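Engineer: Given the structure of chain F, go ahead and fit chain B onto it with the hints provided.
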Amino acid sequence: MSAELKWLLFVAIGLGTFLLRFLFIYLFGKIAIPDWLRRALRFVPAAALAALVFPALTHPAGHLDLSLHNFRLLAGLGGAIVAWKTRNVLLTILVGMMLLWILEMVFGI
Amino acid sequence: MRMNKDFFAGARGAMPILIGVIPFAMISGVAAVSVGLTFFETVGMSVIVFAGASQLAVFQLMSTGSPWIIMVLTAWVINLRFTMYSATLAPYLQKLSAWQKALLAYMLSDQAFGISLSHFVTNEQVNHRWYYFGAALTIWVAWQISAIIGALLGALVPSSWGFDFAFPLSFMALMFGALRDYPTVLAALVGGIIAVLAKGLPYNIGLVLAICLGIAAGYLAEDLNTRQGASR
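Protein chains in written order, with this note's numbering: chain F, 1 to 109; chain B, 1001 to 1232.
Because the hints were derived from the structure by calculation, they are not lab data.
The structure presented is a predicted model; accordingly, all values stated were derived computationally and were not measured.
Be aware that a few hints might be false.
Here are the simulated BS3-like pairs of lysine-lysine, each with C-alpha atoms no more than 25 angstroms apart in a straight line [to be verified]:
1. B:Lys1199 to B:Lys1095
2. B:Lys1005 to F:Lys30
3. F:Lys30 to B:Lys1095
4. B:Lys1005 to B:Lys1101
A few chain F positions that, by computed beta-carbon distances, are all more than 10 angstroms from chain B [unchecked claim]:
5. Leu23
6. Asn70
7. Thr86
8. Phe107
What follows is a set of in silico ranges between Cβ atoms, one per label pair, in the way DEER data are often shown [what the hints assert, rightly or not]:
9. B:Val1047 to F:Ser67: 22 to 30 angstroms
10. F:His63 to B:Ile1069: 19 to 27 angstroms
11. F:Leu68 to B:Val1047: 54 to 62 angstroms
Positions of the beta carbon are idealized from the N, C-alpha and C atoms, including for glycine.
If we strip away everything but chain F, and leave its shape as in the complex, we get (with noise of 0.2 angstroms):
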């Protein structure tokens, strides 16, 4: 990607969320938002979220991989556990490379 495209994507990106964070603050008395889309809101995280997690550990090299070989599909288990347990992005990071790093030594080439 050239250095254009990356500053073209930062500010589409930013004037965007800047819109999505001022929107309500701004238009408060003049129009609500709706309710059937607070309660569509409530879901995007889960949603979003799981759906950039479940790929990244099945399709590791960008093909489907469910083998005991597949590395980040088994650490990804294991730092989801931690993730239940703990909710906490720094410990759940910490497991799972650590797991990935012994998986690779172990059983690497």
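Structural biologist: Frame of chain F; chain B shown alone:
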């Protein structure tokens, strides 16, 4: 000077949460460098976007070579949650000029929202705008400094360490935090499974499709729950 007092109260209120903000911001800085951004680009993005989860999502998509428009759409979808925060905080952030509102809105973060709202609910005698400004600015400054440190450290992390694996791991922790009840769990399952099944679709469009279907699944499940509850 009521205003100053509440500004510093907000800043103090934000302190404990910096334990989570600082490492997350440093990771985002390291991650940016690991996908090939320059130091200047890393800091620029951090200031322009200032939304960690969406930045990490863009890095993950950059490392797998996704098209430009998919990166933008994904980041926007992840940041849709800010409309909820914005709508909830709006009554407290009035009697301000449009520019002041814009500044406060730009600094809105998950943490500033959480700290301010929980403080407002339990303390009525507080200048909301100054308290929020104190908390939000503290988090913003801590985030930017940590991201800069992360970007400097990032150059020292070799790519053979597989640091890109930190993206799904951090999303995982954030995801479990978002699972509050049966409909949110269903939204995550549908979003995740569709993303796996639709991985082969061109332009990584499967990601946006998966998120939309996940949201729809959660919405319908909740709708069904409410109706059953009403008919009982």
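Engineer: Each hint: holds or not?
Structural biologist: Here is what the structure says about each hint:
Proximity of Lys1199 of chain B to Lys1095 of chain B is assessed by CA-CA distance (about 48 angstroms); at most 25 angstroms being required, the pair is judged violated. Taking the CA atoms of Lys1005 of chain B and Lys30 of chain F, the gap is near 31 angstroms; set against the 25 angstroms cutoff, the hint is violated. For the proposed pair Lys30 of chain F and Lys1095 of chain B, the alpha carbon gap of about 14 angstroms is at most 25 angstroms, so the pair holds. Proximity of Lys1005 of chain B to Lys1101 of chain B is assessed by CA-CA distance (about 20 angstroms); at most 25 angstroms being required, the pair is judged to hold.
With a least beta-carbon separation of about 6 angstroms from chain B, Leu23 of chain F fails to lie farther than 10 angstroms from that chain, contradicting its non-interface assignment. Even its closest Cβ contact with chain B, about 12 angstroms, leaves Asn70 of chain F beyond 10 angstroms, as expected for a residue assigned away from the interface. Listed as a non-interface residue, Thr86 of chain F fails to keep its Cβ farther than 10 angstroms from every Cβ of chain B; the least gap is roughly 8 angstroms. No Cβ of chain B comes within 10 angstroms of the Cβ of Phe107 of chain F; the nearest lies about 14 angstroms off, and the non-interface call holds.
For Val1047 of chain B and Ser67 of chain F, the hinted distance range of 22 to 30 angstroms is not satisfied, since their beta carbons lie about 43 angstroms from each other. The supplied range of 19 to 27 angstroms is met by His63 of chain F and Ile1069 of chain B, whose beta-carbon atoms lie about 24 angstroms from each other. For the hinted restraint 54 to 62 angstroms between Leu68 of chain F and Val1047 of chain B, the CB-CB distance of approximately 44 angstroms leaves it violated.
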